[in-house]
Amino acid sequence: MTHTTPAPRVRLDNGGRAPWHPLAREAFERALDDGWADPRRLHAEGRRAAALLDGAREAVAAALGARTEEIHFTTGHTASLHTAVAALASARSRVGRRVVVGAVERAAVLHAAEHGGLEREVVAVDAVGRVDGAAMSDAVARPGVALAALQLANGEVGTRQPVARVHDAARAAGVPLLVDAGASIGHDEVPDAWDVLAADPADWGGGPGAGILAIRSRVRRRSPFPEDADPLSPGGVLVPAAFAAAVGLQAVLADRAAQDARRRALVDRIRARVTALPDVEVVGDPVDRLPHVATFSFLYVDGEALLTDLDREGVAVGSGSACTSSSLEPSHVLAAMGVLTHGNVRVALDRSTSEADVDRFLDALPAAVARVRAALGVEGL
Amino acid sequence: MRATHGGSPPDDGGLPGRGPGPDGAAPGPDVVDARGLRCPLPVIRLAAAARDRAAGTRLTVWSTDPAARLDVPAWARMRGHGVVAAAPLTPAADGAGPGESAWAITVELGGA
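These protein sequences, in sequence, are chains A and B.
Position in the first sequence (from 1) plus 548 gives the number in my numbering.
Position in the second sequence (from 1) plus 184 gives the number in my numbering.
Hints listed in this document are in silico derivations from the structure and should not be mistaken for laboratory results.
Some chain B residues near chain A, calculated using beta-carbon distances under 7 Å:
1. CYS223
2. PRO224
3. ILE228
4. ALA231
5. PRO250
6. ALA251
7. LEU254
8. ASP255
9. ALA258
Listed below are several chain B residues computed to face chain A (Cβ distance under 10 Å; list not exhaustive):
10. ARG222
11. ALA234
12. ARG235
13. ALA252
14. ARG253
15. PRO257
16. MET262
Every residue gets a Cβ at the ideal spot worked out from N, C-alpha and C, and that includes glycine.
Extracted from the complex, chain B is given alone in its bound form (with noise of 0.2 Å):
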């Protein structure tokens, strides 16, 4: 079932490549640009990132919401990653309002 997609998500502007990162460069295709995204979305973005990738695949999501801080680590936790990286995503990020400063969350896939 893992390879039948019931649907798209409901835009695919968290998927890699969009817009400029921090520092004015184009997120790699590593680093899933979830910034302005509600929970649950964060975690589904990375997860479809995560699909078809090789265990030992590093994976950085980027996001503003405050719940994903804390769902990256337990959807980890659920799927056999691991965490190897959280930290703020400075300067602060474009277009995050006040109070929305952004974070980078970097999994690494495990071989489930």
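So here's chain A without its partners, still in its complex pose (with noise of 0.2 Å):
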């Protein structure tokens, strides 16, 4: 009796939550032994611990051009961005209590900006996703704002945003301006225009359990929690998870510039392959935009079938899509563009994605589109 292998399963869908980075993932286990213990404890144990803890921090530091003392790790991405937005608005209750922020932030921004009596301020984007940068600058000039926050670029659509630009609005108002790089930070450049930097390990291999915020040691900040030896994060974070988000860094800035050449050939090829399909818009800036993100959305296609569809021909994306059944609005970064939210698809490649695992996602695609279409039977529509 003979056995064929099954194909292996090609997974696309790792905006935000990438597949262990081989080096990151032996940290974790490593310092699995050595980094077990609480920090905080003056014995030998946590003398360890506390030793992985600085050397991450010095680590994240130096590859994202930051004292160590400007770097907190946290439980997460989405407590980075809650905490930072509740820490820099308590510190400017009394300049205001308005928050201007992006459309296609990240959820956890837009309701950390209308949360605890805060007042949020949203400014519009274009059609590829991109926030119109001279509405932010003079949002973010007139009084009342207690900060402003935009993403380095949108992880749904690719687009880059005018962070410098804003950036600049900002300092001459002594606004402080959280950039939210989940998105980027490991695949893109690193920014160094921002007043508060959250950086999501997740999404670059580094593994879960741990978030990074840097805070400029000029901004002011107060502390959203009860009392705490970690301010911003109380309770302190899993150590080995903050290890594993160090090394991790250091690896994918080492060949950053090889994978963003790689990547963004292979998001060229999915495009122009996608373009050629009947009745699709490929969305998000086709040029100016992250490396590894590829967005669009299929006219008469149930976002959700077509998810599931692929997924039993082996392929793992994403959706903005409404027709799940956990939800029934669509992704507010689509609605925002303007653009179809139904029949949406979304890609982010990771450094192991390989050109074949693209050939079979785009070998699959146009069937698996095509099934759902004539279950819908949308044929000549």
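Mind docking these for me? Both chains are given alone in their own frames, and the hints should help you get the complex.
Take a look at the structure:
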């Protein structure tokens, strides 16, 4: 009796949760031995854990162009964003309660900006999902602004944002700018125009369980939490997760340029092949974008049905469509851009994604779309 | 290929003529009642009603699906039609639950 080996899964839904980078995984496992103890304790075991945490902080600071004392570990990216908005707003409560945000910020930022008495002002985006830099610069300069938040690039559609310009305006107005670099760091160039920077280790293969929050020393913040030795992440963090995040960051920055070129070419191929399919909108900026993200929407297609069909074919993709059992509201990013929200497919290529993986996806996609459309009886529409 | 129809929609409830409208009147022939249907069905019902209709025809779709408010204009743009009106359908549509207020979007068919 012979067995045919099933084709390996093609995993293209890597935004925000990439598979372990091998070096990060090795670092995590090694740190379980040395970093399990509470780093606040004064005995040898505690000191070993503290040394790992300090080393991780130093490595991240060097990678991000920050000082060691400016780097804070949190329990994850969402916690970083919630904490940053609350801590900046709290420190500037006498200036005002208004938080200026881009329309396609991560939901964690949008929700935090209207939480606890804060007042959210949303700056619109154009059809490729880019925030109006002039409008946002004007908005941050008006009185009563506690903080502003603008992502480095959008993780759903890949479009880069005018962060340098908005940072100049914010700085001139004395308003701190939170930059969500959760979809960028590890893939795109490390930025320097920020007051507070949030980076997501899970997005670059550093593993889940830790977030990185960098706050320039000059920026005033007040912990939104009760008194704790770790004011921005009460109770501390998982030391092996922080250590793996740092080791993973060093690894992905070391070959970033090569990975940028390789993945940019693969995304160009995806965009070209998908554009040739019938009734599809490829969305996001075609050039000024993240190297590894591609998003498109198929007319007359149920996004959940398409995702399920591709999953059966061994291909995992994401979707911003509302036609899922969990949500009636479509992606706020696609909605703000005014593009088709149903039939949406989102891919983010990992460093481990091969050319053969992309080809398998592109070979499976047309038939999957045709099957879903046939089931809905839309031929000839 | 436009004349061949590969299969019937799951049901015909969204085609013009179903049920009373918000004021108790039956929807007219230029109204597609897609209330209660989820994406992408409202757009598909509207496209089915638009098939073989002359350029310049105005069609209105009623929908409770939040995605339809975004996707009907996107469909119109992709097909060369124009959106001429979009407004809440008041009073709240029959059978619509809390937070499920219906919208009416009117498109004018292009010449394609």
